[in-house]
Amino acid sequence: MHNLGFALEGAWKVLAAGLILGAGLPALFALGIRTLAWGDGGSAEATAGAAPHAAGKILGWLLFAIVLLGVVLGITFIVASGLGKALSFEHVFPTIVDK
Amino acid sequence: MILVLVVVTALGFDFTNGFHDTANAMATSIATKALRPKVAVALSGILNLVGAFLSVEVALTVSNAVVKIQSSNGAPKPELLADGGSALLLIVLAGLVGGIVWNLLTWLLGLPSSSSHALFGGLIGATIAGLGWAGVNWNGDGSKLDGVVGKVILPALLSPVIAGVVAAAGTWLIYRITVGVAKRFTDNGFRWGQIGSASLVSLAHGTNDAQKTMGVITLALIAAGDWTDTKSIPFWVKAACALAIAAGTYLGGWRIIRTLGKGLVEIAPPQGLAAESASAAVILASSHLGFALSTTHVATGSILGSGVGKPGAQVRWRVAGRMIAAWLITLPAAAVVGAVMWWIGNLLGGGLAGSIAVFVILLAAATYMFLRSRRTPVDHNNVNDEWEDARPAEREPAAVAS
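In order, the protein sequence lines correspond to chains C and W.
Take the first sequence: its position 79, counted from the start at 1, is 79 in my numbering, and no numbers get skipped.
Just add 1000 to wherever you are in the second sequence, counting from 1, and you've got my numbering.
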């Protein structure tokens, strides 16, 4: 059953990547919404009448930007692999390399 | 002439592949009303079209994972090429018919089964009928994940579980983080997130699934002697496949969208975002790691997971059970149809007459199922109606399940 070994080996990698990107990014997105609501103050938050915070807005949009970056990376990955390239994370910063 | 039938049938399969899988990307967005149904299928169709054109990589060896009708460089096995390649063409034709018939039947029943399993099943059946058991690549050669077990069965078991875990974790986190935030904030924000993540799934679907048909058509062209390059695909094949899958997606398999979007779990925008993000991440990560899987299994697993992860949400396990049953029989059922088609074709000489007979049977079956579907139509108008179980009393509370 060599196949089972290969499959499990692949599976936990997919699970790890999935948890980071597929659950982590949405969580960041949710955090962005939370901070935006905090920034807005007033009726947006659970405690009514809270004061608006300018920092919340900046932080919120910053979080959205990070999520967007993740999505752009995902699209780059699809396009790159379609054109016979691969996305390399060797230098921490993603770079497009030949396969 | 046989070649023309094969190409037409392959494009037909690509079309059913499209409308069968619209639900994977768009069911959640439609159910939460983030997008109007027509807009959702149009967006998904366009992204599938774009995705299909992006798949430049040669997908010629797609059938190698399960059947031995090609050598490892993509050229058809020489012993199948006698008589203008008609032996190979008949196997491919019968296999495709098996895939289409099963796709249509599951659509009629509103079940999201895997199109790749249907295609592989059909090919496996036709190969067993045509070449015997040894013609099937059951277990690979031991050097990598390969064969029916490695490329089809194991991923089918693992991928829905992985996607479900990811989606459940995502949903749980999202609800935890946004607890207490005003609804107008969360719903609006998550709608946008949902559209983005669903678009990503559509794009990935176009690149993954259109390729398979491109590979099959090119294989047929080579077998018939109309194409010799095993390194590239004729442009018209790529364009035709891209258009077929996009048109199919735009038509929308409303029955399946309904099951996935309304039947399984009542989906709220945060869950939709979590489910689609999980699907996109799992599909992309696994194609990066060369771990073949079915978009359908991933999407269903994600949606189930988003139901498990939301505190107090209700998962209709009866519907889930029906789906899982459909997954289990997809491959063997498509294989049986593929095998029967091959026998019929072979009985009539295996040449043009046989191929035409098989094609006519396909048309008849497709027409019959289309007419059956008109009795209880599901379209963009009623896709979001309340889900009513046959026996609502048997619904299980999700608390038991989670």
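Hints may be right or wrong, so weigh each one.
Claimed, not checked - Heads up, incomplete: computed chain C residues facing chain W, CB under 7 Å, no partners named:
| no. | residue |
| --- | --- |
| 1 | Leu15 |
| 2 | Leu21 |
| 3 | Leu28 |
| 4 | Phe29 |
| 5 | Ala54 |
Everything labelled a hint here was simulated from the structure, so no lab data went into it.
Here a beta-carbon is modelled for each residue, glycine too, at the ideal position from N, C-alpha and C.
Q. Which of the stated hints cannot be reconciled with the structure, identified by number in ascending sequence?
A. Hints 3 and 5 contradicted; others consistent.
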